[in-house]
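**Q** Kindly produce the complete structure, drawing on both the sequences and the hints.
Going down the list, the sequences are from chains A and B. Read in order, the letters of the first sequence are residues 1 to 767 in my numbering. Read in order, the letters of the second sequence are residues 1 to 261 in my numbering.
Read the hints as simulated data drawn from the structure, not as lab findings. Computed from a prediction, not measured in an experiment: that's the story for all the values here. Certain hints may be false.
Unchecked claim - Output of the computed footprint for chain A on chain B, the stretches with three or more beta carbons under 8 Å from beta carbons of chain A:
1) 59-71
2) 160-174
Stated by the list, open to error - In silico BS3-like cross-links for lysine-lysine, where the CA-CA straight-line distance does not exceed 25 Å:
3) K139(B) / K44(A)
4) K139(B) / K474(A)
5) K219(B) / K474(A)
Every residue, glycine too, gets a C-beta built ideally from N, C-alpha and C.
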Amino acid sequence: METHPVDDILSRHLQVTGNLISVLHEVQSHYNYLPQDALYYLAKRTGIPITRLYSIATFYHFFSLKPKGRQQIHVCTGTACHVQGAQRVMDELERKLGIKAGETTPDLQFTINEVRCVGACSFAPVVVVGGETFGEVTSRKITDIIKRYSGDGLPAAAAKPTMVPTPPDAALIAAATRRAINVKVCMGLGGVAAGAADVLKLFGQTMAERGLEFTLGKKCVDQVGCMGFCAKDVIVEVTLDGATTAYQFVKPAMVQRIVDEHIIGGKAVEKWLAGPEYAQFHSKQHKVVLGACGTIDPEDIDAYCRIGGYQTARRALTGMTPEQVIEEMKASGLKGRGGAGFPTGMKWEFCRKAEGDRKILVCNADEGDPGAFMDRAIIEGDPHAVIEGMIIAAHAMGASEGYVYIRAEYPLAVERLRHAIRQARERGYLGKNILGSTLDFDLQVKLGAGAFVCGEETALIASLEDQIGEPKPKPPFPVNKGLWGLPTCINNVETWATVAKIIDKGAAWFASIGTEKSKGTKIFSLVGKINNTGLVEVPMGIPLREIIYDIGGGIPHGKKFKAVQTGGPSGGCIPAEHIDVPVDYENLTAVGSIMGSGGMVVMDEDTCMVDVAKYFVSFCMDESCGQCTPCREGTREMVRLLDEITTGRGTPEHLSALQELSAVTRDLSLCGLGKTSPNPVMSTLRYFRDEYEAHIYEKRCPAGVCKELIEFTINEAACNGCSMCARQCPQKSITGDKRKPHVIDQKSCIKCGICFDSCKFGAVRKA
Amino acid sequence: MTTITLNGETCEVADTLTVLEAARAAGVDIPSLCHHPGLGAYGACRVCVVEAEGPGLRKGLMASCTLPVSNGLTVRTDSPAVEQARRMVFELLVGRSPDAEPLRDMARRYGVESSRFGQSAVHDECVRCGLCVRACREKIGTAAISFAGRGQTRVVTTEFNAISELCIGCGACAAICPTGTVYVDDQRGERAIRRRELTVARFKLEPCLVCGTPLVTEKFLLRRMQALPEDCQPDVICLDCKRRRTATSAEMLEDLWPLAE
Numbered sequence: 001m002e003t004h005p006v007d008d009i010l011s012r013h014l015q016v017t018g019n020l021i022s023v024l025h026e027v028q029s030h031y032n033y034l035p036q037d038a039l040y041y042l043a044k045r046t047g048i049p050i051t052r053l054y055s056i057a058t059f060y061h062f063f064s065l066k067p068k069g070r071q072q073i074h075v076c077t078g079t080a081c082h083v084q085g086a087q088r089v090m091d092e093l094e095r096k097l098g099i100k101a102g103e104t105t106p107d108l109q110f111t112i113n114e115v116r117c118v119g120a121c122s123f124a125p126v127v128v129v130g131g132e133t134f135g136e137v138t139s140r141k142i143t144d145i146i147k148r149y150s151g152d153g154l155p156a157a158a159a160k161p162t163m164v165p166t167p168p169d170a171a172l173i174a175a176a177t178r179r180a181i182n183v184k185v186c187m188g189l190g191g192v193a194a195g196a197a198d199v200l201k202l203f204g205q206t207m208a209e210r211g212l213e214f215t216l217g218k219k220c221v222d223q224v225g226c227m228g229f230c231a232k233d234v235i236v237e238v239t240l241d242g243a244t245t246a247y248q249f250v251k252p253a254m255v256q257r258i259v260d261e262h263i264i265g266g267k268a269v270e271k272w273l274a275g276p277e278y279a280q281f282h283s284k285q286h287k288v289v290l291g292a293c294g295t296i297d298p299e300d301i302d303a304y305c306r307i308g309g310y311q312t313a314r315r316a317l318t319g320m321t322p323e324q325v326i327e328e329m330k331a332s333g334l335k336g337r338g339g340a341g342f343p344t345g346m347k348w349e350f351c352r353k354a355e356g357d358r359k360i361l362v363c364n365a366d367e368g369d370p371g372a373f374m375d376r377a378i379i380e381g382d383p384h385a386v387i388e389g390m391i392i393a394a395h396a397m398g399a400s401e402g403y404v405y406i407r408a409e410y411p412l413a414v415e416r417l418r419h420a421i422r423q424a425r426e427r428g429y430l431g432k433n434i435l436g437s438t439l440d441f442d443l444q445v446k447l448g449a450g451a452f453v454c455g456e457e458t459a460l461i462a463s464l465e466d467q468i469g470e471p472k473p474k475p476p477f478p479v480n481k482g483l484w485g486l487p488t489c490i491n492n493v494e495t496w497a498t499v500a501k502i503i504d505k506g507a508a509w510f511a512s513i514g515t516e517k518s519k520g521t522k523i524f525s526l527v528g529k530i531n532n533t534g535l536v537e538v539p540m541g542i543p544l545r546e547i548i549y550d551i552g553g554g555i556p557h558g559k560k561f562k563a564v565q566t567g568g569p570s571g572g573c574i575p576a577e578h579i580d581v582p583v584d585y586e587n588l589t590a591v592g593s594i595m596g597s598g599g600m601v602v603m604d605e606d607t608c609m610v611d612v613a614k615y616f617v618s619f620c621m622d623e624s625c626g627q628c629t630p631c632r633e634g635t636r637e638m639v640r641l642l643d644e645i646t647t648g649r650g651t652p653e654h655l656s657a658l659q660e661l662s663a664v665t666r667d668l669s670l671c672g673l674g675k676t677s678p679n680p681v682m683s684t685l686r687y688f689r690d691e692y693e694a695h696i697y698e699k700r701c702p703a704g705v706c707k708e709l710i711e712f713t714i715n716e717a718a719c720n721g722c723s724m725c726a727r728q729c730p731q732k733s734i735t736g737d738k739r740k741p742h743v744i745d746q747k748s749c750i751k752c753g754i755c756f757d758s759c760k761f762g763a764v765r766k767a
Numbered sequence: 001m002t003t004i005t006l007n008g009e010t011c012e013v014a015d016t017l018t019v020l021e022a023a024r025a026a027g028v029d030i031p032s033l034c035h036h037p038g039l040g041a042y043g044a045c046r047v048c049v050v051e052a053e054g055p056g057l058r059k060g061l062m063a064s065c066t067l068p069v070s071n072g073l074t075v076r077t078d079s080p081a082v083e084q085a086r087r088m089v090f091e092l093l094v095g096r097s098p099d100a101e102p103l104r105d106m107a108r109r110y111g112v113e114s115s116r117f118g119q120s121a122v123h124d125e126c127v128r129c130g131l132c133v134r135a136c137r138e139k140i141g142t143a144a145i146s147f148a149g150r151g152q153t154r155v156v157t158t159e160f161n162a163i164s165e166l167c168i169g170c171g172a173c174a175a176i177c178p179t180g181t182v183y184v185d186d187q188r189g190e191r192a193i194r195r196r197e198l199t200v201a202r203f204k205l206e207p208c209l210v211c212g213t214p215l216v217t218e219k220f221l222l223r224r225m226q227a228l229p230e231d232c233q234p235d236v237i238c239l240d241c242k243r244r245r246t247a248t249s250a251e252m253l254e255d256l257w258p259l260a261e
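**A** So, in structure tokens, the structure goes:
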């Protein structure tokens, strides 16, 4: 008899308790959705009430009760994508496929999904289809994407790069084999999105063909994690006898020439080299946590061990008492990097002293803030650093089990982490009697299912306990009563990855970096309207200006800097007048924003701050669990008021109502998500009240963003009648004779802006 | 005992109480929708807001139903800040549920006649207090209804909005609902548990063994029988008949032992 697919899935789990979300993930991947029958069957087999399964299936956005298309088109609507025009991408896609976001085409070919940040912010706006990431998507690119995936399943294969027929001289190759050669290909998300997998494969192949796979007994080509400078991906670093040269925008077709001319011939291919901004980008940074990220192969535990990996854990486990470890952590002044900034050492001490023999560690890798992707980069680039940090902590707190709760939106990170845990277990770094000590500790990976609120620690615990992500009132705090009621220490990825560095080099060293109250370094993801998008690690207290201009290279196209949004949906907008603010916990709070998890979205004169506020509050409204009144009802009302303002229906009363709603939502929401959700409104009201007033009193959007308040017209003097705009216009609203000025019919215009983007002569005006 | 200051007066209260429980015990009025003495603290409706300050607790507005009492805690239930915040919460709830009369009555008592909010929401009478869901799951042990969706789409419902397989027709959900959104509809010997247009479940009612009045669902009866020891099984008998029987037996007693003068 054939077994039921659900039985197959259940047989792969030792128990359902604590694994229900994973089981549902597997059921969904088997059927492509969660069929009613399968859920009833699961309920019958496990004794879990069917209502609970239904409740979970409808709470988490990853689960669907309706069949999905063979091809899932994920449109990223994270912050960076939003300010770069994700809404227009979505509009265009919806128009072309004739369905709305969340719907499936009648032929079951496509489903459009809205996802809040895939962490590829440097390439905004981004669309992901079938594991392929498309960056800087335009309306023309959408046509190509749809065409590419319209077939039966597999996309049309990419064209193979043509090979240059003449291999270099044999003597040169022989000389090259005596050198120390190392090629590093950035396989962070940015790299992969830009095609690094092909580049990596081709480097391997070409080197093998030339007989250079290994020199001096070492593998020549390494995949490495995120190098940080995502704007120029694919980045490739070639090191010959210790001298490193970096290439940018490397495409598969360029690989052969780099190998032949540079690696074998000894002469770098000048025109493809990374420019001076590459050095500039790195010179002002202080890489503590990201030190190994982008230099070692994240899938090779030996690469980690060669740079001293797991030596710190060995020293801590064999030479330090738990109290000494905690004292060191306290003395370092490290504060939680997930956003709240609670002193890490103190949290550990609470957990160590909490009643109970069984203690649990949790790594919060539910990096939900749109516009932040440092946790993803750390796990993808240096997963063992997180594991080592947790081993040291397990020793300090006497914990026996640990969990990494990670977003399902990060498949590559999940894969690398699982791989790293397996390797660590094989080497005896996880399991029984770790490193010969008495410590037993093991780690498990747990997947999220698309709920931002699960980044909140009590909601995260609920999710680990197979519940919907409803937060709980504190106290009790997780360190006393957490997962399954046991003392639980939850820290964020970046915090865990910092632990081994502190124990290795000492608290005094760590505390010497940064400011009086904010110690150490912090990683920021620098995205939005900025030249050098990417991941940067800087000492606490660095002036914001240095991040934006010295590292970030300023604003593209000579536009004016308007604001930087820090801290994700819970954060605030810092205006140009505060650009010299030192970036640390205290000063960011003083200017009305927060450190948060480290997202930095730069905005220029073309960004409408009322629209930005609406974007963030809409995000919180969609992600609110709906349990408490202020968050559920308050965020919706704020969105409505902001929507009325941006569509020209605002009145002065809107501003006072916004202020009242902000106050009650901040003061009375149950958890951090609700409490901080009005921050973007409050900070933009504080610094950009004039923009609100322009929308309300003059019915004008100064940045030219709010559709209802702008009009597209053609400047007759500048229009040469090329008809490009008329051909691109989806509404056929533009008419005119060839080589004569064109006109836009305002009645049928839907203000999609395609004409504005397509005009090469600047003849289309937006006002 | 724990000493707190409640609206300026010092009170001695039991250590295990929440501020809401302590205040009510002291006769101080605090409204609430999602609190029930028989169920644990949930902290959803937030109309029980108070202003509190204490050792290790920064002064601010907070929900009293989830705030444990502690020595030195100072609580105000009537400050302008509390009243303003409470009005806002009621206004938000009324905006979403303008037809929920019990809610509107309560809101009126705290100064909210109408609401500026709710235009963009789908109106219904449910305040999402979760009492029905929690009573069914925690007290009845059934989980016939639960919350589905999240945020704006959060709603009390059955699996797939279908007729529940699990409901036993006890009516605890309806009894505990503060707005009458979930109700028991007994007609012509049949019972339906409803939430507006959704029918949670339908049952034939078993009759009173004495007078034949439709009384109780079979599933509920079975659950009671399983819960009770064998020599203590429930009578399937309505309240009127039970009273009559008690009265009759009292008369019989009097016949046996006539009261002395």
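**Q** Given the hinted pair K139(B) and K44(A), is their Cα-Cα distance within 25 Å?
**A** holds, 22 Å
**Q** Can the restraint linking K219(B) and K474(A) be considered satisfied, given a maximum Cα separation of 25 Å?
**A** violated, 39 Å
**Q** Count residues of the region 59-71 of chain B with a Cβ under 8 Å from any Cβ of chain A, then say if the count reaches three.
**A** holds (count 6)
**Q** Check, residue by residue, whether the region 160-174 of chain B contains three or more positions whose beta-carbon lies closer than 8 Å to a beta-carbon of chain A, and give the verdict.
**A** holds (count 4)
**Q** Does K474(A) lie within 25 Å of K139(B) when you go C-alpha to C-alpha?
**A** holds, 24 Å
The earlier numbered hint that this structure contradicts is number 5, and it is the only one.
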